[in-house]
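Asker: Position 118 of the sequence shown, counting from 1, maps to 337 under the numbering used here, and the rest follow consecutively.
By construction, these hints were calculated from the structure, which means they are not laboratory data. Be aware that one or more of the hints could be misleading.
Unchecked claim - Across the chosen pairs, the derived CB separations fall in these ranges:
1) Ile378 to His323: 48 to 54 Å
2) Pro348 to Glu377: 33 to 39 Å
3) Leu281 to Asp332: 47 to 53 Å
4) Gly374 to Pro348: 24 to 30 Å
5) Asp383 to Leu299: 24 to 30 Å
6) Glu377 to Ser283: 24 to 30 Å
7) Ser290 to Asp326: 40 to 46 Å
8) Ser263 to Phe335: 40 to 46 Å
9) His325 to Ile378: 27 to 33 Å
10) Leu281 to Gly374: 16 to 22 Å
11) Glu377 to Gly271: 22 to 28 Å
Ideal placement from N, C-alpha and C gives every residue a C-beta, glycine not left out.
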Amino acid sequence: MDPVDLEFLEPGQSHEGQKLPTFAETQSDKRILDQILSKERYDSRIIPPSTGPVVVNVSVLLLSLASPDESSLNYEVEFLMRQIWLDPRLRYEDGPHPFLNALHHHDEIWVPDMYFIKHGDFKEPSAPPHIALRVYRNGTVLYILRRHLILSCEGNLEIFPFDDPVCSFSVES
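Sequences and hints are given; from them, build the entire structure.
Answerer: Dropping the structure here:
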């Protein structure tokens, strides 16, 4: 995976010259995020400020790949998709929290729209799709989600199991 280019500011400085929020050691992640994500300060409908397109680094960890029916070329694939980007609006002052668990604030934080194309279908997840959502002090956001797809693959069933099926899908934003 390519490294994320980060812009570091002086302590207490934000991308717009505003003072960064500071928090007491005893404050919970939820209370801190409630303040950072207040409607006066943050709008999740607006993409993070950037000099160009917002760079989102994406990686995929394959959890399982199976063919439930040997008479078809449909395969079930389950994977974790990890996305990392910088949202300077989420910066906060150094303190006891190296990152904030923002999983319960998922609907309040800007998240890139990811679309899966050229696949068969989604399978209903057995577990919640959102695995992790962390906000780091410098505004870096780490988002991990679980997906379960049914892929329509290409191959030659006449020589099964000696064929080499090709299963592909694309992700767009």
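Asker: For each hint, tell me whether it holds in the structure or not.
Answerer: Results for each hint:
1. Ile378 to His323: 48 to 54 Å: holds, 50 Å
2. Pro348 to Glu377: 33 to 39 Å: The hinted range 33 to 39 Å holds for Pro348 and Glu377, with Cβ atoms some 37 Å apart.
3. Leu281 to Asp332: 47 to 53 Å: Given about 23 Å between the Cβ atoms, the range is violated.
4. Gly374 to Pro348: 24 to 30 Å: About 29 Å separates the Cβ atoms of Gly374 and Pro348, which means 24 to 30 Å holds.
5. Asp383 to Leu299: 24 to 30 Å: Because 25 Å falls inside the window, the suggested range holds.
6. Glu377 to Ser283: 24 to 30 Å: Between Glu377 and Ser283, where Cβ atoms are some 26 Å apart, the hint holds.
7. Ser290 to Asp326: 40 to 46 Å: Taking Cβ atoms as reference, Ser290 and Asp326 lie about 42 Å apart, which means the hint holds.
8. Ser263 to Phe335: 40 to 46 Å: 22 Å Cβ-Cβ, so the 40 to 46 Å window is violated.
9. His325 to Ile378: 27 to 33 Å: violated, 46 Å
10. Leu281 to Gly374: 16 to 22 Å: holds, 18 Å
11. Glu377 to Gly271: 22 to 28 Å: Taking Cβ atoms as reference, Glu377 and Gly271 lie about 50 Å apart, which means the hint is violated.
The structure fails to meet hints 3, 8, 9, 11 from the earlier list, while all remaining hints are met.
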